[in-house]
Amino acid sequence: MKLLTVTPAPHIRDRETTQSIMLDVVIALLPALVASVVIFGIRALVVTAVSVAAAVLSEFLFEKGVKKPVTISDLSAVVTGLLLAYCLPVTIPLWIAALGSVIAIVVVKQLFGGIGQNFANPAVTARVVLLICSFGGAMTTWTIDGVSAATPLAEGAVNPGLTALLLGKHAGCLGETCAAAMLIGGIYLLVRKVISWHIPVAYLGTVAVVSLIAGQDLTLQLLGGGLLMGAFFMATDYTTSPMTKEGQLVYGVGCGLLTMMIRLWGATPEGVSYAILLMNILTPHIDKLTSHKALGGGEAA
Amino acid sequence: MGMGIHGVRLDGHKNTVNCTPVEMPIPEKVRLPLALLGANTSTFLVKKGDEVAVGQPVADQGKGIGVPVYASVSGTVAGIEKLRLTSGAVVDTLVITTDGKQTVWEGVKAPTVTDRQSFLEAVRQSGLVGLGGAGFPTWVKLDAQVEYLIINGSECEPYCTADYAALRDFVSDVAEGIELVKKYIGVEKAVIGLKHPPKDAEAAFKAIPGAQVQHLREYYPIGAEKMLIKETTGRVVPGGKLPKDVGCIVINVNTLAYLARFLRTGMPLVSRTVTVDGSAVNSPALINAPIGVSVGDIFAAAGGFKTEPSKVIAGGPMMGVSLDSLDYPLLWQNGSFLALNEKDAKLPEPGACIRCGRCVEACPMNLMAFQITKAYRAKDLDTLKAIRADLCIECGCCAYVCPAKRDMVTSNKLAKRFMADEAKKQKEKEAKKA
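Each protein sequence line maps, in turn, to chains C and E.
The first sequence maps to residues 1 to 301 in this note's numbering.
The second sequence maps to residues 1 to 434 in this note's numbering.
No wet-lab data here; the hints were simulated from the structure.
Please note: incorrect hints may appear among the correct ones.
As the list claims (entries may be wrong) - DSS-like mimics (lysine-lysine), calculated; alpha carbons at most 30 angstroms apart, straight line: (1) K343(E) to K245(C); (2) K245(C) to K199(E); (3) K68(C) to K343(E).
Unchecked claim - The following residues of chain E were derived to be distant from chain C, with all beta-carbon distances above 10 angstroms: (4) T20; (5) D169; (6) V213; (7) F370.
Using N, Cα and C, we set each Cβ at its ideal position, and we do this for glycine too.
Put together the whole structure using the sequences plus the hints.
Below, the structure written as structure tokens:
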């Protein structure tokens, strides 16, 4: 008889894996891809493909280069590539899309130790880097139906109406425009329990409350920019958000407050990326303050 | 939030709930190890060549918290050999070759119990230890002044059904055990925690004065002592304290049934019912087996294997210990043996922590499980103390839910050992100074 396998308990494990979670996120992002192709044409698909390919390839090459186990099969690089693409205008030169992915994967993620180790959200940070570098306005040149236009949140822009916001019939980034697609994806993540309600509800709720107090147009503030993508897909990134539900509420409220501060008083019309990035930096502190107390723990032993 | 429903929901796999326990054929030999809880001080009362009968004491109770060991078969003492327990400890083990007659020892007679002291002494003499899995001597547990007797009928590990069978087939014994403890230990309230009990079980407990049945919520590890106390009384056992410190005794249904039978008949703990299941067995079964019989013999009695087993577990799949051989004896506290096929035996490869927080949500002790691994690897004693790694109950929930398949339980166990060792070193240092 052959030898028995001896392993530590538990001897059974839940079916969920890092890969299955990331696959769920990819699935949740697909409605937005379809919407972006409908709204902006086939170039939206090309930009997304370039961004995803660059993300996966740079992760593969980096890990090969530093002789680390290759982890592209966990699909987290695919998620980063998709999210970054969704932050770009359809007219973006393809090399900038690729560069953004390389920055996200190599600089923000891998140089900090790879999946689970980065302190800032790769896609969000790469977007901010591209925005700051500006590239001759390539990041902020918006077109719809081939005509230049302003995004709904830009100063002086008019609210295109609830239906137009939901369907995405206005200028904006690839993934952000169609609010309905983002909502479908967000609900999918909630139903699949990939994310919990705490961050999106705290984030969206705070934006709604501040908008009402500040006399802002509520539908425009909630649906007109990158808020839904930020609240459902970016602020909920496991690695860069707090571990406890209590911490997640604090973090969501913080994201909401910062977003509205930037939108109301900042130099840019949009504040979601900056807000999330700032809250990423605060995450370790929120974690510390909202750490669970052991049952029967009392004073430390 | 925070204090919501922790733990995990598990598939029950209670394939043997409708099985009637089967008496296994008398094995060729049994092996009875001395050590319980690794602190046994008892010595053998018999030597090679001695004839022994069922229920005859073969080792004395020793000092401290020990209990005597009884022959589970009739036959001849073949000798004393060394046995490596799953804990790693090597202990002296009595080997008895059977004569097939199962002659009962003439000294077996019901004890005379008149008061608390004689009751506790009788429980000690019964050789009874916690049959739910922990194997803690029952008399030590009962030696307390408490408000609540909590009866554990949750059996929350998948596959395991030995407690269910006790509630179904011996519910009057369980009820009698409750009444005996209430009477002699002087406990006023009894809470019987049940999950999907057999019909009629509840009715048997209703008649006991001061007893109430509580249907337990559906999560693992509701049967863990600290969880059960919290669920039934709302009390929290402080770290480093015992259930009795918060006025509770928690006792397993099978243990109570054995206790009642012992006081009636005087037959000590020499056999028990075990669940046999898992993907490698031919047919899941409940087997009545003498203590000390080899695990391989138990599987054979249950109908053998469908495929060659790759992993054999003593206990349930969440907290059970995997054995390195089928040639391991049935110990008093073992309530189930599982044999898994190659596919089920393989654990997934661990990946990097993605900070998803599932372990934090799952921990019934409210620990930040992921931090323990990190602090242990850094040998960071201060952090381990601050996050109370010592309170981990090793239930396995964190590792079960981890999508990165990280073996957090092992790091928790190592962290606890490290903390205990460091505390010991500290004490020795202080002793030297003084």
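Going down the list of hints, with the structure as the test:
1. K343(E) to K245(C): Roughly 36 angstroms separates the two Cα atoms, so the pair is violated.
2. K245(C) to K199(E): violated (40 angstroms)
3. K68(C) to K343(E): Judged against 30 angstroms, a Cα distance of about 28 angstroms means the pair holds.
4. T20: holds (27 angstroms)
5. D169: holds (28 angstroms)
6. V213: holds (25 angstroms)
7. F370: violated (7 angstroms)
Hint violations for this structure: numbers 1, 2 and 7, all remaining hints satisfied.
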